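S.K.: I would like the entire structure built from these sequences, with the hints used as guidance.
Numbering (UniProt numbering), first residue to last: 1 to 467.
Keep in mind that a hint or two might mislead.
[To be verified] Pairwise CB distance ranges, derived in the manner of DEER restraints:
id : residue 1 : residue 2 : range
1  : 229       : 189       : 16 to 26 Å
2  : 60        : 271       : 37 to 47 Å
3  : 133       : 344       : 43 to 53 Å
Derived by calculation from the structure, the hints in this document are not laboratory data. Everything numeric in this text was worked out from a predicted model, so none of it was measured. Backbone N, C-alpha and C fix where the C-beta goes; we use that ideal spot for every residue, glycine too.
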Amino acid sequence: MQAPKAVISVDYAVGYRFVNFHEPEIPQNTQTVSNWPGHCNSTERSGKVPSKFAYGAENNVDRDSWGFEVSEDMTSCSWTKLVLEADANGLELGQGDLGDDVFHVPGGKQADSVVRDYLRRLHDHIWSQEPFKSIGNLEVEYIFTVPASFSRGAQLAMVAAAKDAGFSEGNINLLTESEAVAGYVFERGLLKDIKAGEKVMIVDLGGGTSDVSSYVALRAQNGLQLQQLSAPQSRNIGGINIDRNFSSLLTDRFDPEFGTLPSNRTGPSSRLMREFARHKRDITDGDRNGEQFRIRLPMGIVDPNPLHYDVDYSEIIISMDDWRAVFNPVLKEILEFIRDMYNAAGGVQGQRYATGHTTQVQLRHVYKATDPKSVLIAVCGYNGPCSPISTSDDVENLGMFLLDLSKLNLAQFWHREDDHGRIEYSIKFTLEIECDVSRGVLYIRALRPDGCLIGEEMELPAKLTSY
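M.R.: Shown next, in the form of structure tokens:
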């Protein structure tokens, strides 16, 4: 009797890891590991686990913690994928704007050993779950995603760490993040509007890197298939660079107090950075200059500048000028990279974006800069906390579609001009969602007040249940 087979995919992201598995002959029957250990609520048990590892010796406890077990008051290791690349190329830890407190690796250890220790916990947890713990003699293939910019040395270090962690009972293959996103976009039907002969560019805006791949659609017997135009390209710029700029701003502004704070108060797992991430989702470059946001961070500053620190409430104060200084250089570099890839492909008929650490609010600014005639709309659907596809915000990102501004008379809508001469419009439309339970499909449309369709109808496969 032939041994059962399984393909286990690990999306090795900077902030989180996703683990999927399926039978090779039935790739559409993909399941996601969603039950993770740790003190997280049910809505956080989605399909991702934080890429964090805290050594017990650094936290005066007798056991190591990983994923959701790592609390914000712990000294922990994050962003180790970026340090893995640095180690492989002989670079100094913390080169650039940040030091060891952010790219934290315990003394006496290398990044690959931290990755190995984390992956060992991940491996053991996967194999403690059904169906793996009940299946004997299972033939398995592992797929790990890595940035296209990963050097050969970093790739070898990644494979070695995975094998040392226990992922040695099967073959290990590496897949670039842009190729993985392209496969996801194609399988979810998000390229249904692409015709044979047209080119499409897939952009993955991640935490540590931005990855781009370009394809041409070819007619095949069962529809369309994508042929790669060029090797995937990557640039070491992403959402984490925004966090680095933010930490650099605070280091310069509150010197020496901020720099002497422990990493559990300033690093990626700290309350400070969690609060910053929350603000990052909401604030845009279009907000009024007088707006500001505050984060509590006691530092014992004597006679601080009241424009930057509220001593009564122990809060740092971030203005819109600060915000632009932190955010805009990163967006500019991402945009230049996307434009370079767009021009190298000779122009494309479609662009599809996947984003994690770069927020969807900011993604719309990037998209409008590359295609000013369109507005990128992120479509989300609510899922209750018991839903297998719920996220930490009870929202599942279902996809994106274009709102065609050429079909709107903008003069009819409320608008205003900001301090920089930009005109802001408030466009009201109805989002209509129709579900076909028998086909497992959602139809999503944007309608004008008179009921006319704006842009194109979006058709998305979805897990639907009839009652």
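S.K.: So, for every hint listed, does it hold in this structure?
M.R.: The hints, checked one at a time:
At about 21 Å, the CB distance of residue 229 to residue 189 agrees with the hint of 16 to 26 Å. At roughly 20 Å, the beta carbons of residue 60 and residue 271 sit outside the given window of 37 to 47 Å. Between residue 133 and residue 344 the C-beta distance comes to about 47 Å, which sits within the given range of 43 to 53 Å.
Violated hints amount to a single one, hint 2; each of the other numbered hints is respected by the structure.
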